[in-house]
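Model the full structure from these sequences, guided by the hints.
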Amino acid sequence: MLELDAVNSGYGAAQVLRDLSLRVEAGEILCLLGRNGAGKTTTMQTIMGLLPLMSGRITLDGQDIGSLPPHEVPRAGIGYIPQGRRLFAGLSVAQNLEIGLQVPGAGKEVLDEVLDLFPRLRERMDQPAQTLSGGEQQMLATARALCIQPKALLLDEPTEGLQPSMIEAIRQVIVRMRAQGVAILLVEQRVDAVLSVADRVAFIENGRNGEVLSAEALRQDHSIVDRYVGV
Amino acid sequence: MEFGPHLILATLEGAVTAAVLALTAVGLSLVFGVMRVVNIAHGEFYMLGAVIAWYVAQMVGGHPALGFVAALVIAPLVVGALAAAADVTILKRIEYDPERTIVATIGLLYIIQQLTLMTYGPEARPVEAPFGGRVELPWFDWFKTLFGMAQPWGWSITSYKLFVIFAAGAVLCGVWAMMARTRIGLLMRATQADRDMALAFGIPVERVYALVFGIGAGLAALGAVLIVPIQQAHYLMGVEPLLLAFIVVIIGGLGSLPGTVLAALFIGLSDGIISVFFSPTLAKILATLLVGLVLVFRPQGLFGTRTA
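Taken in order, these protein sequences are the chains called A and B. The first sequence runs 1 to 231 under this note's numbering. The second sequence runs 1 to 308 under this note's numbering.
Mixed in with the good hints there might be a few duds.
[Claimed, not checked] For lysine to any residue, the following SDA-like pairs were computed, each having C-alpha atoms within a straight-line distance of at most 25 angstroms:
(1) B:K92 / A:K151
(2) B:K161 / B:L269
(3) A:K151 / B:P204
[To be verified] Pair by pair, the computed Cβ-Cβ distance ranges are:
(4) B:R181 / A:G181: 50 to 56 angstroms
(5) B:P258 / A:G181: 44 to 50 angstroms
(6) B:D196 / A:R176: 25 to 31 angstroms
(7) A:A217 / B:P258: 55 to 61 angstroms
(8) B:L162 / A:M125: 41 to 47 angstroms
(9) B:P299 / A:R57: 42 to 48 angstroms
(10) B:I102 / A:E216: 53 to 59 angstroms
Please keep in mind that the hints were generated in silico from the structure rather than gathered at the bench. Beta carbons are placed, not taken as given, at the ideal position from N, Cα and C, and that holds for glycine.
Right, dumping it as structure tokens:
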């Protein structure tokens, strides 16, 4: 279970998150919805320790990860799939995965498990990461995070700019991870894509908590989505 | 004064310059590539390497080779450790902010330079070469007999200079192997590609930075130990290598190791050749002009990749 308790954070003097609290259970997909600049990516970067925690607590299965140095956070079991993929350019597919594997000190079995989810990567192991197609890059970013064998997974707009078949492939992996008991925090712009996988939806507005609703309720009443995300 | 023999001699002298320059510039390039730190104090780490080599050679005594080999091991390690300490105590504190690191390393430059002046003194002191002997270049023998000339001065090269060229080549191969083939090299390249993602994947970036800064300074020190039997150790000797290393790194492409080595070869060789046939000043003028042209027409350097 990943839990944020009254988290304040931001960039230098510019505070973005204000007393934000979230809870993602193991085996649950929580979707974070909000307008641009509401603090969705900031939330993820704060969890990863990439932005300093001004106050508040972040815990994973009871372990305080908010006080860890940034490079210890993934070791605690958090896999991060950032917006724009941010693969290690200049490194091959295999080397990108190796960086993921060295976090828990995992070996070949984990790599094989992950590659079974993304068979296309197996054919491209020696290719430089930046030469992959957009969809393959997203697969690699996801595979890299799965190599950590995470207890919690943070996905920041994983389907951005992908063709439908790729979106479906990524979606299936997310659902599979949920079945394995991973706590999944998902940020996504496309509300329809979210509602089909999410268990609960948390709205965020100007860095503050909005309502938290079950996805089921939103599927029936779309008006609340328009109020927070409104186009 | 025939052209041919002079050209070969100038090329060999240039190759010595190029070899040491490549070591220094690769150190600078590594630090910039991985850490995005412009290290103005790089030349002083070079100078420290030469000065420490002199101290070590004095202390060891005995056959010159003993002192030299000891210096070859000790000087880069000591300088690397000093640099890593400077990284942890200074650069880390200012969070590797680009402008502040420049100012901080300028400060470091003067501190190291003046401390050396206060302790080591203003004299230039030589370290004896581990082995002497001159290698006759076969081409000249043929040339002599053909024209019946007497042995002219300097138409041969000391075996030590050939050793410098090969030693630098071997070390550069070692650096390449470290970056391309080892675990720590992989972590360095990942850190270079994306610092935040390196952190998000458990790479202890601070330790990688300290190591890279140490290795960069150690390479400069190693270059200086190699050159000190030829040039003597002096507290101001770091100025010119710093300038040349920046020229090389800019031409080769910031952060590109192959580009840096090729540019070092080019600048070193042309420096040797132009210095012999025209004047050393012209060599510097042309090198600086080339930097200007590269900056105007290909700002990422000849082998650099433009980063988004």
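Review point. Hints broken by the structure, by number, lowest first?
Key: 1, 4
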